[in-house]
Amino acid sequence: MATLTLGKALNEGLRKSLEDDSKVIIMGEDVGRLGGVFRVTDGLQKDFGEDRVIDTPLAESGIIGTAVGLAIRGFRPVCEIQFDGFVFPAFDQIVSQVAKMHYRSAGHVKLPITIRIPYGGGIGAVEHHSESPESYFCHTPGLKVVTCSNPVDAYWMIQQTVANDDPVVFFEPKRRYWDKADVDTVTASRELWDAAVVRSGTDATVITYGPSVKTCLEAAAAAETEGRSLEVVDLRALSPIDWPTVIDSVTKTQHAIVVCEAPTYASLSSEIAARVSEKCFFSLEAPVFRVTGFSTPYPTSRIEEDYLPDLDRILDAVDRSLAY
Amino acid sequence: MSRAPGGGKGAATASALSVQAVQPSEGPELVQLLTPEGERVEHPDYSLDLDEEAYRGLYRDLVMVRRIDTEATALQRQGELGLWASLLGQEAAQVGAGRSLTERDFAFPTYREHGVAYCKGVDPVTLLGLFRGVNQGGWNPRDKGFQLYTIVIGSQTLHATGYAMGIQRDGADGAAMAFFGDGASSQGDVNEAFVWASVFQAPIVFFCQNNQWAISEPLERQSRIPLYQRARGFGFPGVRVDGNDVLAVRAVTEAALERAREGSGPTLIEAFTYRMGPHTTSDDPTRYRLAAELETWKLKDPIERMKAYLSRSGMGNGEFFDQVDKAADELAAHIRAGCLALADPDPITLFDHVYAGGSSLLDEEREQLATYLASFEAAR
Ligand SMILES: Cc1ncc(C[n+]2csc(CCOP(=O)(O)OP(=O)(O)O)c2C)c(N)n1
Ligand SMILES: [Mg+2]
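Chains P and Y, in that order, give the protein sequences. Using numbering that gives the first Met the number 0, read the first sequence as starting at 0 and increasing by one per residue. Using numbering that gives the first Met the number 0, read the second sequence as starting at 0 and increasing by one per residue.
Everything labelled a hint here was simulated from the structure, so no lab data went into it. Some clues are possibly wrong.
Unchecked claim - Computed spacing ranges between beta-carbons, pair by pair: (1) Y:T295 / P:R72: 37 to 43 Å; (2) Y:G78 / P:T224: 31 to 37 Å; (3) Y:G137 / P:E225: 48 to 54 Å; (4) P:D311 / Y:A53: 57 to 63 Å.
A virtual CB, placed ideally from N, CA and C, is assigned to each residue, including glycine.
The following block holds chain P by itself, in its conformation from the complex (with noise of 0.2 Å):
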C-alpha cells in the first residue's frame, strides 16, 4: 500500500510498465529530461534511458505516425499528447491508420498503442487547454477508449491499457492529478473494461466518468443529506462501455443522470442516454437526463465554472428527474 496522487500512480504504472515488458517504449514532447509537464514521466528517461523514454520532435502526427512503425516492428509505444487540444494533428494517423491497421490486416497487425491525453478542464487554462475530445475516439471503429478517476485505477489501467493488444486511447483527468488515495500496489481490483459501482444509492443512477466522478460522489454525498440516494457509477472504460453494470443499476434505481464535461450533442453522452433509454425502457420513471458543458467552444477560464457541471447542476437534474 502506497499513498500516491493520481498522477504519480500513473509515472510508478508507467515505471511497472517498462520493467515488466523491455518492447514498451515512451514517447512525447517533454517527457524525458522534464518528465512530461505533469510530471508523469519524471525520472522515467534517467532511469531506463533516452531509447525507451524518447523526447520526440514537436509533431503529433509524427508521434503516432511512428508509433505505429515502431508497434509493427514488436514495440509497445506509450504515446503522450501534451494536452487534449493537442491531439488534433495526430488525428489522422490515429483514426486513418492506428484504428484501422488490424481489420485491414485481416487480424496479421496488431498494433498495442498507448495513447495518453490528460483532458478536461477546471485548472484556469488558457485555451485548447481543457477540452473533452473522447466522442470523436469512441465514435472511431477501432480505438478502446478508457480514463480513470482515482489513483488506484491510474496505476493499474495504465498498465492494463499498456499490456493490451489493441490501440487505446488513455484519458488523464488533468485536474484530478494532483488527489490522493492509498493504492494496493500488489492486486488489482478490476479488469479494464469493467465500469465500477464507486456509491451505491438507490433513487437515481447517475453514471460519469473522469474529472466528473468525485463531481459526482460529491453531489451524492450532498443529495443524502436531504434524504436522496444516489447510486454513482464510473464507467471507467468509455468504449467498449461495460453496459451490464449500467443497465443493472438503472433497472434498480429507474433514473439515470449522465455527467461529463463534453458537450451532448452527438456524443458519448448521448450514447449512453440512447442505449439506456433503450436497454432500461420499462424501468425508467423519467427521460434520461444529461448534465454536460455546452456546446461551445470550451470558455475561457474565468467563466469555466459556469461551463462545468457542479453539484448545483447535478442536484438540479435529480430533481427533475426525482419529480417526473
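Assemble chain Y with the ligands onto chain P, guided by the hints.
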C-alpha cells in the same frame, strides 16, 4: 541497439546539457550589423542606413517591449493573469521584424509575439485578455494587421500562406509574415506551409525565432542542420540573422518583405536568439537547462548592445535613456490599470459568437442556463 540522435548523451549530466544547448551557431552565416559590444559592423549582403531618430526609436521600442513583458510577468505573479509567455531576450528579433512590417503587411503570431504586436500598434492591454482568462483574444485582426494569437503550434503558418495567396490574387502590394518557433519547425503544418508558399510563390516571410528551446527540448530534438538551411529544400532562400541584433533583423526582414512584395516568393528567416525566461510562467527551466547558458546569453543582451551603440556614437545620452525609462514606466502603469480593469465576462456570454448565423441549439442552451442562473437569484 543504435543510439538516438544526440549520440545518447546522458540526459542528466551537466556537460551534456551545455553542449546540446549552445549550438555551433555563430559561424560566418550569421548576419550581424551590431556586435554584442555595440559596435557597428558591415555585412556584404545587408545594410541599414537609418537616421538618428530611427535608431533611437528602435532602442525605445526594445525598452518598451521588455517593459510590457516585465509588467505582465509581475501581474501573473500577483494572480492578475493566469499565465504569461515571456519574450525576455527576444526583443530585438520582434522589434526588428515588427518595425519592418508596414500597414500593407499582415502578421500571424504565436502566443509570444507581444513585441510584434506593439510595433503593429496593438495596445498591450489587448493581449492580456487571453492570459487573464476573460476572453480568447477577441481583437479584430484586420484593425492592425495582427492576427489572433495561435497556441496550436504551427497552424498559423498555413493561415499566413493562405493570406499571402490572397494578396497575390488581389494583385495587392503587401506581404504576410508568419511567426513560429524552432520547435514548430517540426510540425507538419509548417512544412506544408513551406511547400505551398514555394509552389505558389506566395508573398510571405517565414520568421522563425530560434530561441534554442521548445519548452524543455533543445534545438537538437528538432533538427540536425541549421533551420534556415531547410528553406533550400523547399525551393526558397533561407537566412540566419543574429536575433539579438535589432539592426540586422530589421535589415534582413525588410529585404525579405521587399522580395515578397515584388513577387519573388517566400523567404525563411531564422532569428538566432534565446529565451531568457521560462517557457511560460508555469515552467521551471532549472529542470532542464543550466544557469551558465543563460549567463552566456546575457552577454548578448539585445538592449544593452543597442544602448552601447547609441552612447558610443553619441546618438543617445543619459537624458535620452532616462526619458525612455520614464515612458516605459508610463506604459507599465497603463498596462497594470488596463489589466485590472478587464472584468470577468457574464457567464451567459459564453454562447456568443460561436456562429455568425446563430444556432437553435445554442438558443436553447442559453435559455436553459439563463433560467438556471435566475433560479439562484430568486432563491436569494
Ligand atoms: C500542436 C501543439 N502541440 C503541443 C503544444 C504544447 N506546446 C506549447 S509551446 C510548445 C513549445 C514550442 O516551442 P517553439 O516552437 O520553439 O516556440 P517557443 O515556445 O520556444 O517560442 C509546446 C510543445 C502546442 N501548443 N501545440
Ligand atoms: Mg523555441
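Going through the hints against the structure:
| no. | hint | in the structure |
| --- | --- | --- |
| 1 | Y:T295 / P:R72: 37 to 43 Å | 41 Å, holds |
| 2 | Y:G78 / P:T224: 31 to 37 Å | 34 Å, holds |
| 3 | Y:G137 / P:E225: 48 to 54 Å | 41 Å, violated |
| 4 | P:D311 / Y:A53: 57 to 63 Å | 60 Å, holds |
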